[in-house]
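Residue numbers (the numbering used here), protein chains in the order written: chain A, 4 to 258; chain B, 19 to 265.
Note that these hints are calculated values from the structure, not bench results.
Hints may be right or wrong, so weigh each one.
[What the hints assert, rightly or not] Below, a sample of chain A positions facing chain B; criterion: calculated Cβ distance under 7 Å:
#1 Y10
#2 D14
#3 Y70
#4 E74
#5 E77
#6 A80
#7 L84
#8 K87
#9 G155
#10 S229
#11 V233
#12 N254
#13 D257
We put the beta carbon where it would ideally sit given N, CA and C, even for glycine.
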Amino acid sequence: MKKVLKYVLYDILRNRFVIAYTLLLLLISLAFFGFEVNPGKGVISLLNINLIVVPLVSIIFASTHFYNSYEFLELLASQPLSRKTIFFSQYLGVSISLLMAFLIGVGLPVLVYEGTITGFRLVLTGSILTLIFVSLAFLSAVITRDKAKGMGLALAIWFYFSVVYDGLVLSIFLNFSDYPMEKATVLFSLLNPIDLARILVLIKMDVSALMGITGAVFQSFFGSASGLAVSLTALIVWFISPVLVAFSKFNKKDL
Amino acid sequence: MIRFENIYKKFGNQVVLHDICIDFEMGQSIAIVGPNSSGKTTLIKILLGMVIPDKGNLFFDDILIANNHKYRGKIGYMPQISQYPPNLKIYQLIEMMTDIRKNAGWKGTPDNELIKAFDIETFQNKTMSTLSGGTRQKVGAALAFRFDPSVLILDEPTAGLDPASCEILKDKIQKEREKGKLILITSHIMADLEELTDHVLYIQDSQIQFFEKTEALRDKYQEGKLGKIIACLMKKKAKSELIPTYV
Chain A
4 MKKVLKYVLY DILRNRFVIA YTLLLLLISL AFFGFEVNPG KGVISLLNIN LIVVPLVSII
64 FASTHFYNSY EFLELLASQP LSRKTIFFSQ YLGVSISLLM AFLIGVGLPV LVYEGTITGF
124 RLVLTGSILT LIFVSLAFLS AVITRDKAKG MGLALAIWFY FSVVYDGLVL SIFLNFSDYP
184 MEKATVLFSL LNPIDLARIL VLIKMDVSAL MGITGAVFQS FFGSASGLAV SLTALIVWFI
244 SPVLVAFSKF NKKDL
Chain B
19 MIRFENIYKK FGNQVVLHDI CIDFEMGQSI AIVGPNSSGK TTLIKILLGM VIPDKGNLFF
79 DDILIANNHK YRGKIGYMPQ ISQYPPNLKI YQLIEMMTDI RKNAGWKGTP DNELIKAFDI
139 ETFQNKTMST LSGGTRQKVG AALAFRFDPS VLILDEPTAG LDPASCEILK DKIQKEREKG
199 KLILITSHIM ADLEELTDHV LYIQDSQIQF FEKTEALRDK YQEGKLGKII ACLMKKKAKS
259 ELIPTYV
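Just chain A, same shape as in the assembly (with noise of 0.2 Å):
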């Protein structure tokens, strides 16, 4: 697994795209920083960098990669590798790839000119976040062999998480308004790691206030400890659970 894990990661950390990947999200948070007064501002600029183009990126490449590197599942897979092997090393190669570029392109700039707790959560959520959308990527790319299809239903993935799925939610809430709905966002949230994401960080920030009886809701569920673990654990089975059943799709797939 190690000795494939570190080919794989010599030709990923090489292409064009995860450098200028890099370089973007640098200078997108040194630009947010530099130009806000108050660094908390841009810890607020840089969340809808983190919910917005760390997923749709993280999706894009993963299953853009998954595509072009078929060819040499398929020379990996006549050798002695198990499928286990192939599968695991390609994933780690491309989540390890994706994670480094966001930890240089928003990490650094964030522990140098905001490292508090707030920081250190939208860094950490962004992690995940990549990790998720790496996971979902691979399912995708695993169920659909057509590219275009695939590529069609990654983007399909991407836009439901970060537009409809906010706008369903509007509207159940819009017609059952007449009934207490509070405890029910938290379950929304839940299922949703970009909501689940931009929560964990709004909430350790003053504008958690704006958000009214809601805000006063998820304040005292996301911001207990308990709460806290149950979203972390969440967000966590988000990137575990696409990722196995992607695995056990792939491991009876035909190449």
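Dock chain B against chain A, hints included.
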């Protein structure tokens, strides 16, 4: 050595292999022939564990290969199209394959004959993405022969190679053949197959039509050239499908 026992495979609704039973022995050099999409590549992919059969068992050295990957250490495979990670340098790719084999328990000195003959060392610092199709084929061939495997599987080995490299590769195949290895070749170039193989496995309509010695075929059809025999068989089969049979 290799035994297919009642192998069935379907892709969707399409039957690709139907009840394949066959035995390959060491020392045989086998030409796998058949019309396009007759199941040749699927047969090879099942042998390599890339495609998992719906039914049936496959034994390598009397060991069942389902969920087993060690046996592939004894196989050298040269794919039809060799695709490698684009940013990896050639020497790194060779290193990687060597590491994989060593991890799987291979102890021996690597066979660098093809690497030398193809002058791979002169471009070993180039990345894979800069190579032409023919050059990739050379790398693929060099890797297939490098670890002295007892079984060689070559999928269209000469397609895409220039005439000089083609001869080098054919000489190498002959040499390995003399060592008593089991060699499986698919190709549409009958002249190559005639030179390199002594058995013919003919697949059509998802089934094995026959598996015979080339000599026996020549006697049976009173025809010297393998190409003509195969062409004749393919036509006959196509005709018999066109004419409806009335009872």
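Against the structure, the hints:
1. Taking 7 Å as the C-beta cut-off, the interface hint given for A:Y10 holds, the closest approach to chain B being about 4 Å.
2. Because the smallest distance between the Cβ of A:D14 and any Cβ of chain B comes to about 4 Å, under 7 Å, the interface hint for this residue holds.
3. Checking A:Y70 against chain B by beta carbon gives a least distance of about 12 Å; that is not within 7 Å, so the hint is violated.
4. The interface hint given for A:E74 holds, since its Cβ lies 3 Å from the closest Cβ of chain B, which is under the 7 Å cut-off.
5. At its closest, the beta carbon of A:E77 sits 6 Å from a beta carbon of chain B; the interface hint therefore holds under the 7 Å criterion.
6. Proximity of A:A80 to chain B holds as hinted, the smallest CB-CB distance being about 5 Å (cut-off 7 Å).
7. For the restraint placing A:L84 at the interface with chain B, the shortest Cβ-Cβ distance is roughly 6 Å, inside the 7 Å limit, so the hint holds.
8. Look at A:K87: its Cβ only gets to about 9 Å from chain B, farther than 7 Å, so that hint breaks.
9. Interface hint at A:G155: violated, since its Cβ lies 21 Å from the closest Cβ of chain B, which is beyond the 7 Å cut-off.
10. Annotation: A:S229 was flagged as interfacial toward chain B, and the flag is violated, the nearest CB pair being 42 Å apart, outside 7 Å.
11. Of the supplied interface hints, the one on A:V233 is violated, with its beta-carbon coming no nearer than about 38 Å to a beta-carbon of chain B, more than 7 Å.
12. Interface restraint check: A:N254 against chain B, minimum CB-CB distance 9 Å, threshold 7 Å, status violated.
13. Given hint, A:D257 at the interface with chain B, holds; its Cβ is 4 Å from that chain's nearest Cβ, closer than 7 Å.
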